[in-house]
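With the hints as constraints, model all of the structure from the sequences given.
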Amino acid sequence: MLNEGRIDLLERAPLLKRLLKARAFQPAMMLATLLVFTLAILAGIAGTPAGSRNFGIVFVWIVWWALLIVVLVPFFGRLWCTICPIPAPGEWLQRRAIVRRGAARLWTRGLRWPRRLKNMWLQNFGFLAVALFSTIILTRPGVSAWLLLSFLLAGVLLSALYKNRVFCRYVCPVGGFIGLYSLVSPVELRVADPNVCADHKTKDCITGNEFGYGCPWMVFPGSLTRNAYCGLCFECLKTCPKNNIVLNLRPFGSDLTVAKERRLDEAYKAFIMLGCALLYSAVLLGPWGWLKDWANMDTLPHWALYAASFLSANLVLLPGLFGLSVWIGRSASGSGQPLRRLFVDYAYTLIPLGLAAWIAFSTGFVLVNGSYALTVLSDPFGWGWDLFGTAGMHWTPLGATIIPFLQVGVLTAGLMAALNTAYKIARQHGIPHRAAFVEALPVSGFALVVTVGFLRLYLG
Amino acid sequence: MARRELLARIILGLIVIGVPLAVLGYQYGLRPATSSTRIVDVDLRVPEDGGFAPDAITVLAGEPVTLRFSALDVTHGVAIGPGLDVDLGPVDPGQVKAITLTFDHPGTYTYYCTTWCSDDHWRMRGTIQVIDPANPAFVPTTAPDPVIAALIAEGVDIDAAHGSTDAHDADQPLVFARPLSAARGAALLPDTTIPAEVSDPAWRRTHTPAQALDLLADANPGAAQVDVLDVIAHLWTAGTDPGSLADAQALYDQNCAACHGQYGNGDGPAADTTAEQPVAFADPAYLFGMRGDVLYAKIRRGGMGTGMPNFGTLLTPDETWALVQYLWTLPVADLDTD
Ligand code: SF4
Ligand code: SF4
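For the protein sequence lines, the chains are A and B, in the order given.
Residues in the first sequence are numbered from 4 upward in steps of one, following the working numbering.
Residues in the second sequence are numbered from -9 upward in steps of one, following the working numbering.
What the hints contain is simulated information worked out from the structure, not anything from laboratory work.
Built from N, CA and C at the ideal position, the CB exists for glycine as well.
Among the hints, erroneous ones may be present.
To be clear about the criterion: a stretch of chain B counts as covered by chain A if any three or more of its residues have a C-beta under 8 Å from a C-beta of chain A, and this derived list gives those stretches [to be verified]:
| id | segment |
| --- | --- |
| 1 | 0 to 8 |
| 2 | 13 to 19 |
| 3 | 120 to 128 |
Computed from the model, here is a short list of chain A residues facing chain B with C-beta under 7 Å [said to hold, decoys possible]:
| id | residue |
| --- | --- |
| 4 | A27 |
| 5 | L34 |
| 6 | T36 |
| 7 | L37 |
| 8 | L38 |
| 9 | L45 |
| 10 | P52 |
| 11 | A53 |
| 12 | R103 |
| 13 | L324 |
| 14 | W386 |
Ranges between beta-carbon positions, derived for each pair [stated by the list, open to error]:
| id | chain 1 | residue 1 | chain 2 | residue 2 | range |
| --- | --- | --- | --- | --- | --- |
| 15 | B | A323 | A | L287 | 45 to 51 Å |
| 16 | B | T98 | A | W149 | 21 to 27 Å |
| 17 | A | P341 | B | I7 | 54 to 60 Å |
| 18 | A | L308 | B | L(-3) | 50 to 56 Å |
| 19 | A | G323 | B | L(-3) | 54 to 60 Å |
| 20 | A | T210 | B | I7 | 34 to 40 Å |
| 21 | B | A323 | A | L308 | 47 to 53 Å |
| 22 | B | I7 | A | K121 | 35 to 41 Å |
| 23 | A | H305 | B | D149 | 40 to 46 Å |
| 24 | A | L287 | B | I89 | 52 to 58 Å |
| 25 | B | D149 | A | W149 | 48 to 54 Å |
| 26 | B | A240 | A | L287 | 32 to 38 Å |
Okay, structure coming up:
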């Protein structure tokens, strides 16, 4: 039942399984990304202040971002978290080891993370804060570098105070939306048979054993039903003595209809991500020059106004309009569900739509600006180096003719997934087809309007 | 296991300490040390944020020096003058453009921005002081410009209000009833009596077209003023070699157009930012009241308090004369280059 219609990749590809079980795999990847990360920070601090010629800006906000949102998250879920360098120093410090299985106990103060913060709210506000200053962070190498460095230091600090990956699970603004959007991805780590886990007394995946650590993400693989909080670190694959861990290929969007773990903090993450995609598209692609100036902090009052509208659009306006459509659906269908439950449930329809919007937005952005990557590869610091002979390359925007088609395609797919999810969610409320259709209709209309809004912005 | 752990730790150390040290060490230690020439890095920012840094460089005569210009904020352009014919063209933000030069003789040169990068663009200049290695204290004094010296000796006020130099007889008001045509002027030449001084190029440099008009009117009673003006338009613009005119136009576009306008209408994009409204060369009423040598002096010295920068440190005297020659074509309709 659980793994029905799934293909276990580990079984199909024994080599992949050996690779993922190897203790050296994750650290090797992390060291590689740490090298890039170090270069990015160094370039940001010591290199040219011109963003488009600085490795730090181009590789983090163009190359990495595109890789993350267009490839990794939609297709592999949290795979980025497998190789992310940000928590690496902290984690290695906790373990007092990089590759080998270190001391039995983690080296940390082991404080208790406050109960009230055991959710996505910190990540929600962290993302909003970064988004609010994005025009500065994304263009000023120095600011960008200090931000990345502060993430890394926060990771180290939190590792020293708390067990495991508290930073990733509750703080990292990137980790929040990766987790949410990984609900869509067609790859999942699960157990082959939950009963085996239930009967397994020692639960090595939680406690750890000589082959690996207890789950650093503080989840119990045996009860995993969604991708959101499994960081794909593959420790459980190493520790599980019952060989019960599987890595499944599955249909896109499978986790969106998992009803039991839906929460308000996640729902808000969905609003914030969709809202930011809309606002970015409006600022960067829309015809409103003044809006661009405001976002770029031309004057403090303008920026304050922009910030206030930005926050209220994300936290009040969008959820409010959405709540209104949920309420209309509830009244029209006569389904007796509590409004709050419906509000949270239907917010998950915005996940595929938001992801599609980010993919559409980022595709255009990356094809237009991707050529900077070749320039900075040869001259990462803007010091007139020419390592690979590409430093003199001119900016060549790519794909001008195909970008609109890609965007329309992706957004349409996102809308379809949203409508499909809305209907499925409605049916979960134990109402017949017709009532379910009515209950989901206003929310579907909301998704449609948002999609049309995006299309208007992208197609000009 | 222990060996792999050790290896990982060594790699980690190399990444977080080794890489930054190697990068910075190469850039700031090894690279200058192994360069065959002396390297001077010059940062380019808009003048409001500091302009060139450094804005003064001292080099030894005969010593090759590599100047590396990197734009840090907006697109700038770099040229070095006078008389070196060095123009690196635009330097985009984050771009680095380098040139290696050897100055043979002591003297002073200027590097300057050639792109309208900000309101204060024209302030964006730096000097290269070339000194004699055998006699470092010796700074050659620049000889005074003979043209400007002559004007001062003559008592001409170079900074006098626009166009008021040597007005002509008040009883013959200047009326430009139709667009000036050099071609028509050339056609009228055989039937026109040209006084000896007017046909002398040296006289034309030190007198205004308006003065020529008086002489021509006296020598050709009965000739219509519009025709005489065309003859003057021809005389003042004839005989310029097209190559140097094109070079002068490039200089004009690079240095003058931002204020005086591409077609000399005084309406360049930066015209609003200057202390005084930039003059319109395309207006014959202004230009026909000007002497060539005064234009030359204004270009080289700049205009006190008007916002007109001095170009004497950027351009050679020949380039300045070519520029003056180009200005004369601006009010003449059939010489419009565009
Ligand atoms: S949660 Fe953030 S820091 Fe942690 S692994 Fe994922 S992206 Fe990296
Ligand atoms: S469930 Fe397994 S793979 Fe996922 S975070 Fe925990 S230990 Fe890592």
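Report task. Hint by hint, work out which the structure violates, then give me just those numbers in ascending order. Result -> When the structure is compared with the hints, numbers 3, 6, 13, 16 and 24 turn out to be violated.
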